[in-house]
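> The chain contents come next:
2 protein chains.
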Amino acid sequence: MQESKGQGLPVLALDLGGTKIIAAIISNQGQVIAREYNLTLANEGPQAVINRMLSVIDCLLSSRGIDSSQLNSISIAAAGAIDFDKGLVTLSPNLPGWCDIPLRDIVQGKYGVNTFLINDASAAALGEHCFGAGKGVDNLILLTLGTGIGGGIIINGKLYYGSSGSAGEIGHMTIDVNGPRCSCGNIGCLEMLASGTAVAREAIRRIRRGERSSLTEIVGGKIESITAEKVGMAAQGGDPLALEVILKAANYLGVGMVNLVNIFNPEMIIVGGGMAKMGDLLLDPAKQVVRERAFQLLAQAVSIVPAQLGNDAGVLGAAVFAFQQVTD
Amino acid sequence: MQESKGQGLPVLALDLGGTKIIAAIISNQGQVIAREYNLTLANEGPQAVINRMLSVIDCLLSSRGIDSSQLNSISIAAAGAIDFDKGLVTLSPNLPGWCDIPLRDIVQGKYGVNTFLINDASAAALGEHCFGAGKGVDNLILLTLGTGIGGGIIINGKLYYGSSGSAGEIGHMTIDVNGPRCSCGNIGCLEMLASGTAVAREAIRRIRRGERSSLTEIVGGKIESITAEKVGMAAQGGDPLALEVILKAANYLGVGMVNLVNIFNPEMIIVGGGMAKMGDLLLDPAKQVVRERAFQLLAQAVSIVPAQLGNDAGVLGAAVFAFQQVTD
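Chains as they are written, first to last, in the working numbering: chain A, -1 to 326; chain B, -1 to 326.
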């Protein structure tokens, strides 16, 4: 990051995901000075989520005795399709009720600080490109596998965000034209088949129809509280149903990756998000599908690797984005 | 195109497709000075196709009394996955038997002229971007719908060719994970469902199982000689079976376009290749699918338009590519 107007001042970066909100103060050297978390509780709707977001920001500033005037800018990475010019979250399959919410102006209005809004997976891609697994890699794609599946695209060393700021909705690519309808309105989306939500849904479906699994004990009989994380734990413990459910999702993930490899011929695909914690259990079968089905030259050209920055990728990337906007 | 080394000298551009070979002499202003054609007859295998290609070049040069030393360069657009660094056609689903063919060096060796090799759809994208439907459009995707389905990607005004020169194999994106196996080794590829070959195959299949169609008379009872072009003719004449076959392919094409729109958020998708001659019969249902299923903001941001340069897109784009390489 280069020196700029607001030189030396940190960015307050916020990552608004389907499950949690992370806010951080980040120096212009990319160091996280302070962090604050809260749950998103997305089902409570936009206004409640926005209030919770603003209170996370307030907490973070007051805990460090920082006034908003001491910030270079605020940068928000949000899980949804962004209208970059207008600063809107236009739609978010993982934030129910969000439709054309002017999030940039709401935050800018409250704190009186220059505010940016980008997609959360785009931010994570930028974070991993600058500080993580994708350092020095010019053409890469980041997939965030969590509640949903997000994507961020780095082309020729720069974030690609398309003609209106919403490129990278990789989770909403149809891979099964006869598949289930997604909340985005499309059919057979990768997200419906390989996200954390899909993994939990499939485990619940199979257990409800009478199959046995250690998951039933793990959740104390409350089948509906099975999450992808718990399926991962059961699989690590050798539970056959959990292993099968993850293998199925991994195969779908591999199909999505084949599409990305054949379309982008990327140097690297980085896999982040909560599901990435499943590690080789998820990535090995997906890589196998890529080896078997993608164009050989392209399959050889790509490395498929786990993300390195964990939960910080989004806030770090959002900060990079803000510093780049100010210096550009 | 800028002035350069070899200033004023034209490029000999050649488009090697699954069906035909087109060669042209093109000025540094993008004017086609002379053209020569031949059939590819791809089933005869690589050596026969290369010989036919070289003889098209010889014909073109001798008919115009041009010596190869009077060329800026030779630029070949080939239907297949290209290893740009090595100048190889590594694989081509529509040129049977082509595997790691050093086409660049074969041509360079024979004519002693600097030679370039790129993918044919990438070339067409560059052609349409510089001289056709995509003039002034910075983020666009071109689809060539012919024997196969090719793709070319322009990002930030430049051809994007990926980490090893093979980006844009859009026809080999899985849209039906339970679909038929493609000759590329992948499953349920867009090309298997929406290419000219797919349209002909589906019409033949339905007529063979006893359905009635004016196509049977159009081909004089030789069902196996039905082509997508003939299906298009029958559909224009109101033949119900032909109309249904095209509608089915158009719906699949729409699904592929939804994926491109959600991933790239492009300003424009240009549709070229032989199938594009079907016009609105093909494009209207595909656009409808995009309107219904892609993210709304992204669907509104994209224009889906027919290509303007017809058969010349590939040779014009190959020439642009060569001039850009020399001036870079």
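Treat the hints loosely; a few may be bogus.
Note that the list lumps identical chains together, so a pair holds whenever it fits in one copy or between two copies.
Subject to a maximum C-alpha distance of 30 Å in a straight line, what follows is the list of computed BS3-like cross-link-like pairs (lysine-lysine) [to be verified]:
(1) Lys220 - Lys133
(2) Lys133 - Lys275
(3) Lys246 - Lys275
(4) Lys246 - Lys156
(5) Lys133 - Lys18
(6) Lys133 - Lys156
(7) Lys18 - Lys108
(8) Lys156 - Lys84
(9) Lys246 - Lys108
(10) Lys133 - Lys108
(11) Lys275 - Lys84
(12) Lys275 - Lys108
In short, the hints are calculated from the structure, not lab data. Note that this is a predicted model, so its numbers are computed, not measured.
> Against the structure, test the hints numbered earlier, and report the numbers of the ones violated in rising order.
1, 4, 9, 10, 11 and 12
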